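So the protein sequences, as listed, match chains A and B. Under full-length UniProt numbering, the first sequence has 15 at position 15, and the numbering climbs by one with no breaks. Under full-length UniProt numbering, the second sequence has 16 at position 16, and the numbering climbs by one with no breaks.
No lab work stands behind these hints, which were simulated from the structure alone. Treat the numbers as computed from the prediction; the structure is a model and nothing was measured. Heads up, a few of these hints could be off.
As the list claims (entries may be wrong) - Interface residues of chain A toward chain B, partial, derived using beta-carbon atoms under 8 angstroms:
| # | residue |
| --- | --- |
| 1 | R13 |
| 2 | I14 |
| 3 | G16 |
| 4 | L23 |
| 5 | T28 |
| 6 | G31 |
| 7 | D32 |
| 8 | E37 |
| 9 | M39 |
| 10 | R41 |
| 11 | K58 |
| 12 | I59 |
| 13 | P62 |
| 14 | G63 |
| 15 | K79 |
For each residue, glycine too, the CB sits at the ideal point set by N, CA and C.
Listed here are the chains, written in short residue letters.
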Amino acid sequence: MSIENEVKSEILRIAGKPDQPDLLKSTTILGDIGYNEMMCRELEDSLQVIANRHATGKIIRPGSITPESTVSDCIGKVK
Amino acid sequence: MKTKSLLTIMAIMLCCYLCRAQNVPVDSVLIYRLLKDISIRNTFDEDVSKVTPAQFMFTIPRSGEKSYLVDGGIAYTLGYLKNYTAKAIVEYHKNTMIEKEQDNFSVGYSGLYYTTIHPINVMLTHNLTFVDDGRKSDRSIVFVGNLSPYSTKRKIRFNAPGNFGDSRFGYLLTPNIGTEIQQVLKSLLPEREGTIFRGTADFSGAISFLQKNPDPINTIAPRILQLSFSYTLRRAFSDNTSVGERKTELLKAGADFFILDKTTKQVSLGLAFKKGSNPLKGLDSQQYWQFSVNVQL
């Protein structure tokens with residue numbers, strides 16, 4: 001699975017939605033799929049795990065993901 | 001004072017409007033950044049996921065006493081560390097529309113820590129505030145600590161919105177247990193001064209009826225109607241004041257009709273029933289119905 005789809009799958013899992021990453025648009029705002037503050041913190045942890053697994057060298061800063069962030073913002077933080 | 005506040009709000013609105021008109025990226029504007037870190041809700045003593053909107057209502061009769069309800073707080077996010085969010089909070093709970101009036105102000109610090117106590121994830125909310133109760137003339141330092149499960153990995157989700165299968169019904173479960181330590185520093189009656197140590201348990205949740213959602217992957221269906229329930233039990237394990245507090249309970253049940261429902265912005269018309277007391281918020285034991293405009297940002 002590509003990094004992009006891995007990030008999308010994780011976003012969908014935390015939101016409690018079906019695992020269909022291909023249908024998740026890059027422009028979708030996390031708040032619009034139900035993300036609250038805690039879910040953003042959980043996503044930061046998950047994205048760090050993905051970044052480490054793929055050795056992208058990216059560090060996800062605490063508080064860098066908010067309900068206003070888009071899916072493409074999240075992908076950009078890992079890639 | 002009122003004119004000054006009004007002018008400040010108008011200046012902020014004008015600034016945002018001018019930025020938009022000039023196509024200045026709003027993200028680069030200091031005021032916009034400040035507003036982004038502000039949240040409004042009923043209280044910051046409870047879990048961040050819990051639906052507790054601030055409530056406002058005013059009655060200004062031609063003659064006689066004004067009556068009003070201001071029941072909410074504002075928080076400003078100070079910063080983030082790994083799994084930790086720090087906020088400065090101000091809360092004001094004043095209700096002159098009920099049998100035993102409420103007048104309670106607090107200011108202080110609120111922290112949220114997220115960790116795993118195997119096998120579950122938990123949220124630890126901890127607040128340290130200075131509380132001024134206008135009715136009893138009590139001034140206290142209060143510590144509140146709450147522990148709540150957080151789960152998005154299991155069938156039943158905690159502190160994260162969930163759905164009953166493919167139906168148009170959603171749910172939110174936000175139970176917690178905690179502790180409250182209240183040091184009454186000053187009171188009109190010196191015998192009321194001292195320390196109260198309480199244990200708390202809160203069983204709360206909500207069921208919502210949602211709008212039809214044509215794109216369930218990229219959107220969450222906005223709520224039309226929500227029924228919420230909360231029962232908080234407080235038990236004073238130690239109380240060396242003259243109050244002699246033992247057990248207090250607060251039952252809240254409500255129905256909310258949503259005008260605007262986004263994850264970060266909610267405006268609704270609500271009907272609520274409350275029975276019991278909350279000594280920390282200056283709410284004396286009583287029972288009432290309340291209709292209000294609710295806001296959570």
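Hints versus structure:
At its closest, the beta carbon of A/R13 sits 7 angstroms from a beta carbon of chain B; the interface hint therefore holds under the 8 angstroms criterion. At about 5 angstroms, the closest approach between the beta carbon of A/I14 and any beta carbon in chain B falls short of 8 angstroms, and the interface hint on this residue holds. Because the smallest distance between the Cβ of A/G16 and any Cβ of chain B comes to about 5 angstroms, under 8 angstroms, the interface hint for this residue holds. With its C-beta approaching chain B no nearer than about 4 angstroms, A/L23 sits inside the 8 angstroms limit, and its interface hint holds.
With its C-beta approaching chain B no nearer than about 5 angstroms, A/T28 sits inside the 8 angstroms limit, and its interface hint holds. Interface hint status for A/G31: upheld, as the beta-carbon distance to the closest one in chain B is roughly 4 angstroms, under 8 angstroms. The restraint placing A/D32 at the interface with chain B holds, with a minimum CB-CB distance near 5 angstroms, inside the 8 angstroms limit. Contact between A/E37 and chain B, as hinted, is supported at the beta carbon level, the nearest pair being about 5 angstroms apart and thus within 8 angstroms.
Here the hint on A/M39 is kept, as its CB sits about 6 angstroms from the closest CB of chain B, short of 8 angstroms. Hint status for A/R41 relative to chain B: holds, with the closest Cβ pair at about 5 angstroms, below 8 angstroms. For A/K58, the interface hint is violated, the least distance from its beta-carbon to any beta-carbon of chain B being 15 angstroms, above 8 angstroms. Proximity of A/I59 to chain B is violated relative to the hint, the smallest CB-CB distance being about 11 angstroms (cut-off 8 angstroms).
For A/P62, the shortest C-beta to C-beta distance to chain B is roughly 4 angstroms, which falls under 8 angstroms, so the interface hint holds. A cut of 8 angstroms between beta carbons decides the hint on A/G63: the least distance to chain B is about 3 angstroms, and the hint holds. Violation of the interface hint for A/K79 is found here, the shortest Cβ-Cβ separation to chain B being roughly 21 angstroms, above the 8 angstroms cut-off.
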